[in-house]
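**Q** Below, each chain spelled out in residue letters.
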Amino acid sequence: QQQVKQSPQSLIVQKGGISIINCAYENTAFDYFPWYQQFPGKGPALLIAIRPDVSEKKEGRFTISFNKSAKQFSLHIMDSQPGDSATYFCAASKRSGADGLTFGKGTHLIIQP
Amino acid sequence: GAVVSQHPSRVICKSGTSVKIECRSLDFQATTMFWYRQFPKQSLMLMATSNEGSKATYEQGVEKDKFLINHASLTLSTLTVTSAHPEDSSFYICSARAGKYYGYTFGSGTRLTVV
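Protein chains in written order, with this note's numbering: chain E, 129 to 241; chain U, 2 to 116.
Think of the hints as simulated: they come from the structure by calculation, not from any bench. Watch out, some of these pointers could steer you wrong.
[Said to hold, decoys possible] Derived DSBU-like pairs (lysine-lysine); straight-line CA-CA distance at most 30 Å: (1) K143/E - K42/U; (2) K185/E - K56/U; (3) K170/E - K21/U; (4) K170/E - K143/E; (5) K67/U - K233/E; (6) K101/U - K143/E; (7) K133/E - K185/E; (8) K185/E - K143/E; (9) K143/E - K222/E; (10) K42/U - K65/U; (11) K67/U - K199/E; (12) K233/E - K101/U; (13) K196/E - K185/E; (14) K222/E - K133/E; (15) K222/E - K15/U; (16) K56/U - K170/E; (17) K42/U - K21/U; (18) K199/E - K42/U; (19) K133/E - K42/U; (20) K67/U - K56/U; (21) K186/E - K21/U; (22) K199/E - K233/E; (23) K56/U - K222/E; (24) K67/U - K186/E; (25) K199/E - K65/U; (26) K133/E - K15/U; (27) K56/U - K101/U; (28) K101/U - K170/E; (29) K56/U - K196/E; (30) K196/E - K67/U; (31) K222/E - K101/U; (32) K42/U - K67/U; (33) K42/U - K170/E; (34) K222/E - K170/E.
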């Protein structure tokens, strides 16, 4: 049972455009929703994270939108740049728990110059 | 910010030998460390969770006798792949937390190739 569903699997966006990646979760106990960026051969790096008491969080060009009733959250990358080309993973966990993160399957993002 | 160091970054070993991977939290005490496995173009799959001074908890389907995890101190966890076989070739990534309500910091990963 996949607890975090991520789409699309791959995405091509023109430079300067908006990249949007979506995730849906099933476990209502989850209360921590981070997004990670991973380059080939490297570990994932935290981009931005949100808790369910807010509907949106923005850090620079990255924004998370969160819909608690729909159990969905999304990452928006504004003014996408070629350097943003990477694999992006959404994840979820119960922050107060001792469990590791449950990851989505990932989105391979390519920003075309 | 929190930093997790993982070594080696890549290792090649012969089938049947054992390999040890180290994960260190450099500027914080990690009460909990996690080990993930990632196959090419796939997601990270949690293998086990370890708390300092206690036995690791393995996810379903992960052989605890093959993947030995030791978390002897608050800054060091090791994963030993015993009697490695080619199917164990993968990217192994550790993660650490300073405690509940803290974020997860990831190491840079170890590419294991078993020949």
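**Q** Take the hints in turn and mark each one as holding or not.
**A** These are the hints, each one checked on the structure:
A distance of roughly 24 Å separates the Cα atoms of K143/E and K42/U; the hinted pair therefore holds under the 30 Å criterion. Between the alpha carbons of K185/E and K56/U the distance comes to roughly 37 Å, so the proposed pair goes past 30 Å and is violated. Note on K170/E and K21/U: the hinted pairing holds, with a Cα-Cα distance of about 19 Å set against a maximum of 30 Å. Pair hint K170/E plus K143/E holds up; C-alpha atoms about 24 Å apart against a cutoff of 30 Å.
Taking the CA atoms of K67/U and K233/E, the gap is near 25 Å; set against the 30 Å cutoff, the hint holds. In summary, the hint linking K101/U to K143/E is not supported, as the alpha carbons are separated by about 39 Å, beyond the 30 Å threshold. Only pairs whose Cα atoms come within 30 Å are accepted, and K133/E paired with K185/E is accepted, the gap being roughly 21 Å. Proposed proximity of K185/E and K143/E is supported: the alpha carbons are some 23 Å apart, at most 30 Å.
Between K143/E and K222/E the alpha-carbon distance is near 36 Å, which puts this suggested pair outside the 30 Å criterion. For the given pair, K42/U sits about 25 Å from K65/U by alpha-carbon distance, which is consistent with the 30 Å threshold. Distance restraint check for K67/U and K199/E: the Cα-Cα separation of roughly 37 Å exceeds the 30 Å cut-off, and the hinted pair is therefore not satisfied. For the given pair, K233/E sits about 25 Å from K101/U by alpha-carbon distance, which is consistent with the 30 Å threshold.
Restraint check: the Cα-Cα separation between K196/E and K185/E comes to about 14 Å, which is no more than 30 Å; the hinted pair holds. For the proposed pair K222/E and K133/E, the alpha carbon gap of about 17 Å is at most 30 Å, so the pair holds. Straight-line distance between C-alpha atoms of K222/E and K15/U comes to about 39 Å, which puts the hinted pair past the 30 Å bound. A threshold of 30 Å between alpha carbons decides the hint, and for K56/U with K170/E the separation of about 28 Å falls inside it, so the pair holds.
Restraint check: the Cα-Cα separation between K42/U and K21/U comes to about 24 Å, which is no more than 30 Å; the hinted pair holds. A C-alpha spacing of about 26 Å is found between K199/E and K42/U, which places the hinted pair at or below 30 Å, so the restraint holds. For the proposed pair K133/E and K42/U, the alpha carbon gap of about 16 Å is at most 30 Å, so the pair holds. Distance check on the hinted pair: K67/U and K56/U sit about 15 Å apart at the alpha-carbon level, within 30 Å; holds.
At most 30 Å may separate the alpha-carbon atoms for a hinted pair to count; K186/E and K21/U exceed this at roughly 40 Å. Between K199/E and K233/E, the direct Cα distance comes to roughly 17 Å. Compliance with the 30 Å bound is thereby established for this hinted pair. This hinted pair checks out: K56/U and K222/E have alpha carbons roughly 21 Å apart, not beyond 30 Å. Note on K67/U and K186/E: the hinted pairing is violated, with a Cα-Cα distance of about 43 Å set against a maximum of 30 Å.
Restraint check for K199/E and K65/U: the C-alpha separation of about 34 Å exceeds 30 Å, so the hint is violated. Restraint check: the Cα-Cα separation between K133/E and K15/U comes to about 37 Å, which exceeds 30 Å; the hinted pair is violated. Distance restraint check for K56/U and K101/U: the Cα-Cα separation of roughly 18 Å lies within the 30 Å cut-off, and the hinted pair is therefore satisfied. At most 30 Å may separate the alpha-carbon atoms for a hinted pair to count; K101/U and K170/E meet this at roughly 25 Å.
A distance of roughly 35 Å separates the Cα atoms of K56/U and K196/E; the hinted pair therefore is violated under the 30 Å criterion. For the given pair, K196/E sits about 40 Å from K67/U by alpha-carbon distance, which is inconsistent with the 30 Å threshold. This hinted pair checks out: K222/E and K101/U have alpha carbons roughly 9 Å apart, not beyond 30 Å. Note on K42/U and K67/U: the hinted pairing holds, with a Cα-Cα distance of about 24 Å set against a maximum of 30 Å.
A threshold of 30 Å between alpha carbons decides the hint, and for K42/U with K170/E the separation of about 13 Å falls inside it, so the pair holds. A C-alpha spacing of about 25 Å is found between K222/E and K170/E, which places the hinted pair at or below 30 Å, so the restraint holds.
Checked against the numbered hints above, the structure violates hints 2, 6, 9, 11, 15, 21, 24, 25, 26, 29 and 30; every other hint is satisfied.
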